[in-house]
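Guided by the hints, dock chain B onto chain A, whose structure is given.
Heads up: the protein sequence lines correspond to chains A and B, in order.
Numbering-wise (full-length UniProt numbering), the first sequence opens with residue 1 and increments by one.
Numbering-wise (full-length UniProt numbering), the second sequence opens with residue 1 and increments by one.
Simulated from the structure, these hints should not be mistaken for laboratory data.
Treat each hint with caution, since some may be false.
Unchecked claim - Have a look at the derived ranges for each label pair, beta carbon to beta carbon:
#1 S27/B to R143/A: 29 to 37 Å
#2 S27/B to E137/A: 30 to 38 Å
#3 K38/B to V67/A: 26 to 34 Å
#4 T25/B to L107/A: 29 to 37 Å
#5 K90/B to K133/A: 45 to 53 Å
#6 D10/A to T25/B: 22 to 30 Å
#7 Q105/A to Q3/B: 45 to 53 Å
#8 P109/B to S122/A: 30 to 38 Å
#9 E137/A to K90/B: 52 to 60 Å
#10 L107/A to N107/B: 45 to 53 Å
#11 H5/A to S131/B: 28 to 36 Å
#12 V66/B to F16/A: 39 to 47 Å
#13 S27/B to N126/A: 36 to 44 Å
#14 L4/A to T25/B: 25 to 33 Å
Stated by the list, open to error - Derived lysine-lysine pairs resembling BS3-like cross-links, with alpha carbons at most 30 Å apart:
#15 K139/A to K7/A
#16 K24/B to K96/B
#17 K96/B to K137/B
#18 K24/B to K53/A
#19 K38/B to K70/A
#20 K135/B to K96/B
#21 K30/A to K137/B
#22 K125/A to K24/B
#23 K92/A to K53/A
#24 K139/A to K129/A
#25 K7/A to K125/A
#26 K137/B to K88/B
#27 K53/A to K38/B
#28 K24/B to K129/A
#29 K30/A to K24/B
#30 K41/B to K90/B
#31 K96/B to K30/A
#32 K53/A to K30/A
#33 K92/A to K135/B
#34 K41/B to K88/B
#35 K135/B to K38/B
#36 K24/B to K139/A
#37 K88/B to K70/A
#38 K24/B to K133/A
#39 K41/B to K92/A
#40 K88/B to K38/B
This structure is a prediction, so every number in the text was calculated from the model and none was measured.
All C-beta atoms in this analysis are idealised placements derived from N, C-alpha and C, irrespective of residue type, glycine included.
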Amino acid sequence: MDHLHRKLRDHEAAMFQQGYLDDQFSQLQKLQDDTSPDFVIEVMTMFFDDSEKLLNNMSRALEQVPVNFKQIDAHAHQQKGSSASVGAARVKNVCGTFRNFCEAQNLEGCVRCLQQLQQEYSLLKNNLKYLFKLQQEIKTAGRSIHTRG
Amino acid sequence: MAQFHVLAVDDSVIDRMLIERLLKTSSFHVTVVDSGTKALKFLGLVEDEVRNEKPHSIAAETDQVVEVNLIITDYCMPGMTGYDLLRKIKESNSLKDIPVVIMSSENVPSRINRCLEEGAEEFFLKPVQQSDVNKLKPHLLKTKVKNEDDLINNKRRIHNNAIPLKN
Numbered sequence: 001m002d003h004l005h006r007k008l009r010d011h012e013a014a015m016f017q018q019g020y021l022d023d024q025f026s027q028l029q030k031l032q033d034d035t036s037p038d039f040v041i042e043v044m045t046m047f048f049d050d051s052e053k054l055l056n057n058m059s060r061a062l063e064q065v066p067v068n069f070k071q072i073d074a075h076a077h078q079q080k081g082s083s084a085s086v087g088a089a090r091v092k093n094v095c096g097t098f099r100n101f102c103e104a105q106n107l108e109g110c111v112r113c114l115q116q117l118q119q120e121y122s123l124l125k126n127n128l129k130y131l132f133k134l135q136q137e138i139k140t141a142g143r144s145i146h147t148r149g
Numbered sequence: 001m002a003q004f005h006v007l008a009v010d011d012s013v014i015d016r017m018l019i020e021r022l023l024k025t026s027s028f029h030v031t032v033v034d035s036g037t038k039a040l041k042f043l044g045l046v047e048d049e050v051r052n053e054k055p056h057s058i059a060a061e062t063d064q065v066v067e068v069n070l071i072i073t074d075y076c077m078p079g080m081t082g083y084d085l086l087r088k089i090k091e092s093n094s095l096k097d098i099p100v101v102i103m104s105s106e107n108v109p110s111r112i113n114r115c116l117e118e119g120a121e122e123f124f125l126k127p128v129q130q131s132d133v134n135k136l137k138p139h140l141l142k143t144k145v146k147n148e149d150d151l152i153n154n155k156r157r158i159h160n161n162a163i164p165l166k167n
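The shape of chain B in the complex, shown without the other chains:
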């Protein structure tokens, strides 16, 4: 079974080490970047192309389709905050179905609500622990099942429409 690929975003070098280790311990394939801008680049979205991007997210450098199954991002980052990044992802046709999780060292209810309302799946308080990372798999499987369901429905539709030829 292919591993799930998680993209982690955090401007703190120590927190990047920590989240990478936590994710790898849970058998995720991990990519870590230090800013929202770099995250969008990795996902194949360059800022001014957001509105009119193509259906497939194509990584700028490699010309390959980058598959990311979950994005986990820090909230407080210079430049593009985790919230800004969340919004850009949810506004993108190619990326909006990727589950996004927000991390923050500060327990601010209005902040948490805003993120959840914008579509974040979970909000983790830092320091993030193994028990938090264990909560990620269900969000990933949900997306996988959704995709598999589409496949099954398509197959069924084709089967029903097939008219058996009889003599």
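Bound-form chain A, shown alone:
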């Protein structure tokens, strides 16, 4: 089970080092305890659902003629807020740039930013899913150790 722990620790460290996660994610982890053992996964699952909805909305809004920059900005604002709340640093930063392009009513900039946002979000989601998978494997391994002889 040691190698699993090491894998988890390394992966988590890398996510922080590479800026996918910031201190706010650590705050979420601190809020998880015996009374709320799945808190992080619950919040992140909600974040995934919320983000995917917003990304879709932004995509559709950019296809409209004429483009409603105020509405797209509202979506970007929401995405920025939720990213900040869960510690999704890279996603949050792209949202900041996105909002600037919205304010400038720069369509090309917005389209580029949306692509970047989708990319960062995908990377974050995959990395987090792997993190949760490792945590689950450790849990399962721990359980089977206890039930053996």
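This is chain B only, laid out in the frame that chain A set:
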């Protein structure tokens, strides 16, 4: 000792999860709603009754007196903003003494000042952290002591006015 009851208001589902967990970790009893309108309903104030409401806030559905010791609300919400909600609370005879805290993801000094001037106790920048929530208890205790002081003063007054009967 009874727990303090905090009403949290935020239109973001993620922020609602976060604030609820933060408050519960600090041993508060928590009610979370997603709009200012729902907050006022919970507090027993329906919008058009604001001006002529009765001294006790009576929850519309349950006919009970709802006791809320602190309200913490997001600033940016569709429809009724946190600032609008703050104003309605401070304009209400039954609710104006409840401490109100505002949260916002944006650091706008004029916004912060406006809220503090309107009577907000604190203004937290999001994401809200444990260290922010730790700042809430003093505001709650202040209100409790104020109420207890009234009780003590009333008792003293009665005692002083009592004329001992002597033979």
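Practice item. Decide if the proposed pair is consistent with the structure: K24/B and K96/B, CA atoms, cutoff 30 Å inclusive. Key: This hinted pair holds, its Cα atoms lying about 24 Å apart.
Review point. Straight-line Cα separation of K30/A and K24/B no greater than 30 Å?
Key: 13 Å, holds
Review point. Between Q105/A and Q3/B, is the Cβ distance one that fits in 45 to 53 Å?
Key: 50 Å, holds
Review point. Keeping to a limit of 30 Å between CA atoms, is the pair of K24/B and K133/A held or broken?
Key: This hinted pair holds, its Cα atoms lying about 28 Å apart.
Check your understanding: Given the proposed pairing of K24/B with K129/A, does the C-alpha separation stay at or below 30 Å?
Key -> Holds - the C-alpha atoms of K129/A and K24/B are around 27 Å apart, at most 30 Å.
Check your understanding: Holds or violated: 30 to 38 Å for the Cβ distance of P109/B and S122/A?
Key -> Holds, since P109/B and S122/A (Cβ atoms, about 37 Å apart) stay within the stated range.
Point to revise | Given pair status - K70/A, K88/B, alpha carbons within 30 Å | key: 28 Å, holds
Point to revise | Restraint check for K41/B with K90/B, where alpha carbons must lie at most 30 Å apart | key: 15 Å, holds
Review point. Do the alpha carbons of K135/B and K96/B lie within 30 Å of each other, as the hint requires?
Key: At roughly 20 Å apart (the allowed maximum being 30 Å), K96/B and K135/B satisfy the hint.
Review point. Using the C-beta atoms of S27/B and N126/A, is the stated range 36 to 44 Å upheld?
Key: 37 Å, holds
Exercise for review: Measure nothing beyond the straight line between the CA atoms of K41/B and K92/A; if it is 30 Å or shorter, mark the hint as holding.
Suggested key: Roughly 34 Å separates the two Cα atoms, so the pair is violated.
Point to revise | Given pair status - K38/B, K53/A, alpha carbons within 30 Å | key: Holds. K53/A to K38/B sits at ~24 Å (cutoff 30 Å).
The structure fails hints 4, 10, 31 and 39 (numbered hints given earlier, in ascending order).
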